[in-house]
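Trainee: Put the complex together from the two separate chains, hints included.
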Amino acid sequence: MEKTLDTKYTYTEKKDTRSGFGDGFLELGRKNKNVVGLCADLIGSLKMGAFQKEFPERFFQVGISEANMMGLAAGMTIGGKIPFTGTFANFSTGRVYDQIRQSIAYSEKNVKICASHAGLTLGEDGATHQILEDVGMMKMLPNMTVINPCDYNQTKAATMAIADHEGPVYLRFGRPSWPIFTPSDQKFEIGKAWKMIEGKDVSLFATGHLVWEAVVAEAMLREEGISVELINIHTIKPLDTAAVLASVAKTGCAVTAEEHQLNGGLGDSIAQTLIRNNPAPQEFVGVDDSFGESGKPVDLLEKYGLNAENIVKAVKKAISRK
Amino acid sequence: MEKHSTEQLKSICSQVRRDILRMVHACQSGHPGASLGCTEFFVALYFDQMKHNKNFNPDGIGEDLFFLSNGHISPVWYSVLSRSGYFDTKELATFRKINSRLQGHPATEEGLPGIRVASGSLGQGLSVAIGAALTKKMNGDKQTVYALMGDGEQQEGQIWEAAMCAPHHNVDNLIASIDVNGQQIDGPTKEIMNLRDLKAKWEAFGWEVIVTKNGNEITDVVQSLEKAKSLLGKGKPVLNLLHTDMGFGVDFMVGTHKWHGVAPNDEQLENALGQLEETLGDY
Ligand SMILES: Cc1ncc(C[n+]2csc(CCOP(=O)(O)OP(=O)(O)O)c2C)c(N)n1
Ligand SMILES: [Mg+2]
Numbered sequence: 001m002e003k004t005l006d007t008k009y010t011y012t013e014k015k016d017t018r019s020g021f022g023d024g025f026l027e028l029g030r031k032n033k034n035v036v037g038l039c040a041d042l043i044g045s046l047k048m049g050a051f052q053k054e055f056p057e058r059f060f061q062v063g064i065s066e067a068n069m070m071g072l073a074a075g076m077t078i079g080g081k082i083p084f085t086g087t088f089a090n091f092s093t094g095r096v097y098d099q100i101r102q103s104i105a106y107s108e109k110n111v112k113i114c115a116s117h118a119g120l121t122l123g124e125d126g127a128t129h130q131i132l133e134d135v136g137m138m139k140m141l142p143n144m145t146v147i148n149p150c151d152y153n154q155t156k157a158a159t160m161a162i163a164d165h166e167g168p169v170y171l172r173f174g175r176p177s178w179p180i181f182t183p184s185d186q187k188f189e190i191g192k193a194w195k196m197i198e199g200k201d202v203s204l205f206a207t208g209h210l211v212w213e214a215v216v217a218e219a220m221l222r223e224e225g226i227s228v229e230l231i232n233i234h235t236i237k238p239l240d241t242a243a244v245l246a247s248v249a250k251t252g253c254a255v256t257a258e259e260h261q262l263n264g265g266l267g268d269s270i271a272q273t274l275i276r277n278n279p280a281p282q283e284f285v286g287v288d289d290s291f292g293e294s295g296k297p298v299d300l301l302e303k304y305g306l307n308a309e310n311i312v313k314a315v316k317k318a319i320s321r322k
Numbered sequence: 001m002e003k004h005s006t007e008q009l010k011s012i013c014s015q016v017r018r019d020i021l022r023m024v025h026a027c028q029s030g031h032p033g034a035s036l037g038c039t040e041f042f043v044a045l046y047f048d049q050m051k052h053n054k055n056f057n058p059d060g061i062g063e064d065l066f067f068l069s070n071g072h073i074s075p076v077w078y079s080v081l082s083r084s085g086y087f088d089t090k091e092l093a094t095f096r097k098i099n100s101r102l103q104g105h106p107a108t109e110e111g112l113p114g115i116r117v118a119s120g121s122l123g124q125g126l127s128v129a130i131g132a133a134l135t136k137k138m139n140g141d142k143q144t145v146y147a148l149m150g151d152g153e154q155q156e157g158q159i160w161e162a163a164m165c166a167p168h169h170n171v172d173n174l175i176a177s178i179d180v181n182g183q184q185i186d187g188p189t190k191e192i193m194n195l196r197d198l199k200a201k202w203e204a205f206g207w208e209v210i211v212t213k214n215g216n217e218i219t220d221v222v223q224s225l226e227k228a229k230s231l232l233g234k235g236k237p238v239l240n241l242l243h244t245d246m247g248f249g250v251d252f253m254v255g256t257h258k259w260h261g262v263a264p265n266d267e268q269l270e271n272a273l274g275q276l277e278e279t280l281g282d283y
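Sequences listed follow chains H and L, in order. Residues 1 to 322 in the numbering used here are what the first sequence lists, from first letter to last. Residues 1 to 283 in the numbering used here are what the second sequence lists, from first letter to last.
Chain L on its own, in the form it takes in the complex (with noise of 0.2 Å):
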């Protein structure tokens, strides 16, 4: 794949903020929050860590796999499947409406290009992403596994059985990212469940891991990748906290729990894309 320059890769930032954005208007329904704040996280993975084909296999032998575990911020993760080729970049108008293969939450049955696994229901993606690792490792398939999952799901049980799970297996060719934006449906992670220390956390169930402290800074995220990637192979699984703004990039929804499922009315679109350069062309 052609490297991108940070300049290029930032302004795919703005285009799939765009998007999102446009998205979610468009049905008055999803979830822009945490999608806006892991816009450089995606951005990252798809136009500069990742090995992947738009030509997609599900079994994706020799590419790297990605598995989204908060599936409700499939706004950005359709908007950089379609940016980066997945599927023409018209169809993110049928988000969430009927007979679209663009479902409120990532799925497999309407054959969107990009998705291996349906999310939405939390704690879920963790577990499947050490499934399809073990699976590279069966295969003899050197390439890596990433799964992002957001910082609220860390509550579900699911998450600490997989956290045990993946390095007694020495899953070491795994890269989880947890979005951590301190919010959730209810409010703060503080106010709703207290997530504590959740380095001391990974790191007592015996994985390798590393803060990415602003992910809404696309060099930092890169950073943070590159380490991930090289702490692997070592017998750890690698976690990856990353610190990001929920709403990241328009000034009125930044930095609270109340865009997380929320549409923007007419004036709203309006004003947030007014802060977002069209780079790539609106689709």
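Just chain H, same shape as in the assembly (with noise of 0.2 Å):
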């Protein structure tokens, strides 16, 4: 179906963006002698195979002990190296949150804590894994920088580009293949929305895999006259406010698609934006209180209403509401 929809963005190749990242984190290794790894029995998962290879100074397995991790990442921190956390979402967050709040976040503390397998998308491992909170968890605290890219060269440069951000970041990526339709030689700007499509009847703020859902989406509606603004926020935290509310303004509606919980996710955000400043209209796409489950990637965005369908009814839904 994808096939006869005119995408303004199409790909002739899928990969994960763990790849994006794993690939990233390589060149970034022969860049800058400062950038160091550290895994928690998930080397493999991550894909920070080839960066342990080239750099096994520095590089760190440290078993399965993500409290010690991150404890450890921070205290790397001193005396100058930029350690690079590597987990799943899950045991990134969740599982160490008092860790990063203290000793990274609260400390000010130089630490790129990378995340694979985040949402349902992780698929058939299930709901413990597949978490749907993290990028919540991670933008209430203080002085943390909240990125979730959206294919394999965004995730990419976006790992390269965080090396340079002096202060905790949070990079949010996946497990499952997925198109690669933004261009490689992208330059990835911390804290700016891209604009991917103009438009002029709705703003559709997509971040992480469902800005390719979001891609499609904008296509059915057009064939049905409706003008779509595609707006990608990579980075949800700093939120780029000017440009959310510059589309806004033009639009009179907002809709934001996320794989992760209506609580706490990018909607909220916007929603306070658009609230303190222009309220708008707006329809959230996302996880609707409740835990995954194992599946297949494209069968739980389905199940969960996260696909593009799913956005072309939001859309439409906003629009009603102006």
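Rather than coming from a laboratory, the hints here were simulated on the basis of the structure. Careful: at least some of the hints might be erroneous.
Said to hold, decoys possible - Straight-line distance between alpha carbons at most 25 Å, and here's what the computed SDA-like set of lysine to any residue pairs gives: (1) H:Lys15 with L:Asn265; (2) H:Lys15 with L:Val262; (3) L:Lys54 with L:Gly131.
Unchecked claim - Just so you have them, the derived chain L footprint on chain H, three or more residues with Cβ under 8 Å: (4) 42-56; (5) 85-97; (6) 114-125; (7) 289-303.
By construction, the Cβ of each residue, glycine as well, lies at the ideal position given by its N, Cα and C atoms.
Mentor: Put into structure tokens, the structure is as follows:
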């Protein structure tokens, strides 16, 4: 079905965003000698193996001890290293929240928390591993930057960009093979929203894997004569409020799409921005206060209401409320 | 519960191994390695050692309780639960598929009989087992609480918080086992994060420690669990170092971390099933 749609962005290849991280991390290692890696028994899953092989003296396997890893990373910044920690998103956040809060965020440590297997699209492992609350937890922490890129290329670019940013960063990516539809030579600007498609009827703000679903939704809506402005929010915090407000001032309504709980996600951040400055109807695509479950990524996105069809519905509803 | 002969237990093990392989093959995901390695342990617990009721009651008053901390080896648990009558074996075919009660990691949300708490995020199960054991004591319930952990899992700090706590509170109605297979995801435990002397560590924390030398020999497992039982009620919790081989029972899977979390393809499945007799009928 996607194939027959005239999407404004297209792809010839699919890859997992975690590989974008792994490839970016290796390149970064070659460019920046202060970059170090830590991993908690998930080197293969995080695609950190190539870096480990090339820079064994800058890489630390810490075993299954995520809390310890966060403390080690905080300590390594003292004296100028830039540690990148690697584990699944669940074990990068909820598991170690207080370690991050005290030793990293509050202490303003230059640690990059790199989190794979986020969201429902982790698939078969099920709800214990499918964290849908991580963005909320991380964005609540003062000093923390929160980034959720949308495909392999953007994840690679983001991985390289965060090393040059001083301060703690949460970088969220995933496991499934996903369309690569953004350019390989993109410049990644932290905190700068990317207007991917100009439109006038609705502002569609999407992050992570759902940016692709939004690209598909835009094409479906265009066929029905609805003009969508699609904005890629790769940086959830700090939010590019100027871009959000400028777009909604023009379109008069908003839809947000994310692979996360509605409580505490990107949608909340956008709603807060709008309500304080320019209240406008907003619809939310995300997980509505439930845990996930085992299954295939695409089936899960459908069951939990996170695919292009759901975005289309949300857009129509937002427009009808103007 | 009827007593099973050693031969009967062995034949159950063979069927459970077939179930494990067919389950992970059908969804092309999940964790066969330590599931195969812990088969004798689960069969010994559910078909010989534990007093339990297939008409599942979450509170388990007057029953022995089992907690799986290394939740990724759900296939062996699901197989043994269904083979002991908790639910229809046909349901094993739904493992890890959408709308199933057989979640990738054990969960209570879908109401699968036999599961009392979710696991999957490592390091948490022993604490829960200690809590349940304390409740049994408060309730005057004389039955035993069992728990299983992985050896890689010993790297989690919470394990050692629990280790310190159980002897302090005289939790002597608890038998915790560690699946000492020497493997974890990224490689052998020795290379990933050396555990060194687990026996000395647990003893230093105040546990009675026993060793099951061959956790893939059913008689050895039964004997150790009998011994563990005899040590209960004396003020100390019991820790069983259960030595197993990851992937036991399938020649090309045994003894390597490579099959920790990888499903066999069609050809590999056929080869593996050829090594394991179908004793109770495939689901
Ligand atoms: C807190 C946490 N961190 C990481 C993981 C990912 N993980 C799943 S199994 C595993 C290895 C566990 O090793 P071990 O306990 O020895 O089990 P085995 O590989 O022998 O089955 C890891 C790291 C997890 N499930 N939970
Ligand atoms: Mg192990």
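Trainee: Could you run down the list of hints and mark each one as holding or not?
Mentor: Tested hints:
no.: 1; hint: H:Lys15 with L:Asn265; result: holds (22 Å)
no.: 2; hint: H:Lys15 with L:Val262; result: holds (20 Å)
no.: 3; hint: L:Lys54 with L:Gly131; result: holds (23 Å)
no.: 4; hint: 42-56; result: holds (count 4)
no.: 5; hint: 85-97; result: holds (count 3)
no.: 6; hint: 114-125; result: holds (count 3)
no.: 7; hint: 289-303; result: holds (count 8)
Of the numbered hints stated above, none is contradicted by the structure.
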